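Student: Following the hints, put chain B in place on chain A, whose structure we already have.
Note that the protein sequences, when read in sequence, are chains A and B.
First residue of the first sequence? That's 1 in UniProt numbering, and the numbers climb one at a time after it.
First residue of the second sequence? That's 1 in UniProt numbering, and the numbers climb one at a time after it.
Derived by calculation from the structure, the hints in this document are not laboratory data.
Bear in mind that the values here come from a model prediction, so they are computed numbers and not experimental data.
Heads up, a few of these hints could be off.
[Claimed, not checked] Far from chain B, by Cβ distances over 10 Å, these chain A residues were calculated:
1. Ala70
2. Gly104
3. Leu150
4. Asn155
5. Lys254
6. Asp258
7. Glu289
[What the hints assert, rightly or not] Which chain B residues face chain A? A few, computed with CB under 8 Å, are given here:
8. Ala15
9. Leu19
10. Ala22
11. Ala23
12. Phe25
13. Leu39
14. Arg235
All C-beta atoms, glycine included, are put in the ideal place defined by N, C-alpha and C.
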Amino acid sequence: MTIRTMLAASVAFACLCAPALADTSSKKIALSNNYAGNSWRQAMLTSWDKITKEAVSKGVVAAADPFTTAENQATEQAAQIQNMILQGYDAIVINAASPTALNGAIKEACDAGITVVSFDGVVTEPCAWRIAVDFKAMGESQIDYLAKKLPKGGNLLEIRGLAGVSVDDEIHAGIAAGVAKNSQFKIVGSVNGDWAQDVAQRAVAGILPSLPEVAAVVTQGGDGYGAAQAFAAAKRPTPTIVMGNREDELVWWKGQKDKDGYETMSVSIAPGVSTLAFWVAQQILDGKEVKKDLVVPFLRIDQANLEENLKNTQKGGVANVEYSLEDAQKVIDAK
Amino acid sequence: MKLSSGTIRLIIPAASLVLLLAAVFYMQPRAMSYTGLNLLFNLAVPIALATIAQMLIMSVNDLDLSMGTFVSFCACVSATFLQSSPALGILIFLGAIATYALIGVVIYVRDLPSIVVTLGMSFVWGGIAVLILPSPGGTAPTWARWLMTAKPPLVPMAIVASILIAAVTHYIVMRSSFGVLMRGVGGNDRSVERAGWSVLGLRAATYALAGFFAVLAGIALVGLTTSADANIALRYTLLSIAGVILGGGQFVGGKVSPIGAVIGALTLTLAGSFLSFMRISPDWQIGAQGAILIVVLALRLALNRLEKREKSQ
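Extracted from the complex, chain A is given alone in its bound form:
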């Protein structure tokens, strides 16, 4: 090894060792969001606004502008991303309309030297970072909880999400895996609730007459309250319904808990994950080594912390957590 390469190597080494060398105060980050039409997405945008405004005023980054496409279409979002390249953003944070259909535009962004971080609706393009929720584990955790609560097992009704969406497939796969592990449970019926209370209520009401006694209902979020209403309307005993952190669900659970000590759990992904994506993008711009696939924990509410979470949840909203820079660093460093 010549002196020169040794010198170069040691310089490179020094760069690797000292974190936060690069300054991000002149960097601009954009949020490309495909949809804003439900309470979860509204909470996500509010969280983004709150955390990034603070970051901008403190001079952590120069700008953090949110953009939402009007029609939830992949081609529209691809055009939006290409516009962001032209606008000179240094990083783009994406909640994608499609895991694959944006890959062409994302490749263009990477080729232009832009950092791309996707979350919730993640993308498959290898040059982008992904902050994914382990939806499969989320489904499995429901069965694990039920196995503890109902050791004797019983019949399960499964409410699924929107057909053809990858999140629905993954949660369902987790639930199926959990049932395979705990043979005392049997799924006797399955309906699509589309993550909406009214759809879930109609679907459950439709299938209920054909079902034997149901011990528990496994859900995907946004459908638990509708299921409870359907059971009440059919005058059937209320089973253990797993909730999905929506405010109406938590209120109903609180009411039942106060009335007769009803027990269940609630699990979903916190809309504040957008702020985690923001900090991850900021850290990458800062020169930090971040692996391409990160996993964000889901937000679980239990009997004990129900009141506390309900208090912090807006009317008509979703239980939420916002992430700080330190939280993001913890997620990045997690192995």
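Tutor: Leaving out everything else, chain B in the frame of chain A:
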């Protein structure tokens, strides 16, 4: 010098495109480059092709409400069969084009409203697309990807493609005898029939040609996005109709303009970028897009009146 009415009808869309482009360059000087222009316009290429397809259907006084789902279907086929076994993919496309011809025949023979038939077909195409690609995925054929990301010297691919599409379709629709007959069917099909032509055959051919351009739109779209999903091009139904109207075409009477249609597609794409550079909140964007459309159409209406007044004098 006296301008023909066709040229006058082209002036408004061309002028609005230039105006928008100037505004975009002013707001975002970065766009004034080879890469910039490509980024602004490359997603307009599949829209332009779909607009041409819609224009062909409109030239015989019909309207195709299945354009978006059909392009999505073509994109799904391109990302799966056309990539893995090209022969089968081409066969499927030929079948789809034949189906389009058949739709044209059925609409004419049974005297059905085209919007009802094509609206029904949109569910058929959408259903098949979901069957082919139940979850988003697939891979673009290498040649399609190469074609759409090619970097010709001096002028970006998106512009070259747009000019090529405009030139070819201008020849077919405005210069060839088939084009004259096709527009004749839209203008007055009875006189075309009396002159000894088969309106049935002409309509079938027009629909097949529209199907062919929609297939090209699907392939071009996949070449840009690298993969497909069953809902990828749903916007194209309305975009293509708006593009034709914006480009000087009319719903009835066989009055269409291929060059105008391509310009219309480019203008619509540019309008989206313009609004996003203006930082208009997404809640207002659809409305603003509509406002741009209305302004251009109002201008055209005013010009039409002027034209009429001149004729009557």
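Student: Could you run down the list of hints and mark each one as holding or not?
Tutor: Hint check results:
no. : hint   : in the structure
1   : Ala70  : violated (5 Å)
2   : Gly104 : violated (5 Å)
3   : Leu150 : holds (33 Å)
4   : Asn155 : holds (28 Å)
5   : Lys254 : holds (34 Å)
6   : Asp258 : holds (39 Å)
7   : Glu289 : holds (27 Å)
8   : Ala15  : violated (23 Å)
9   : Leu19  : violated (18 Å)
10  : Ala22  : violated (15 Å)
11  : Ala23  : violated (14 Å)
12  : Phe25  : violated (11 Å)
13  : Leu39  : holds (4 Å)
14  : Arg235 : holds (5 Å)
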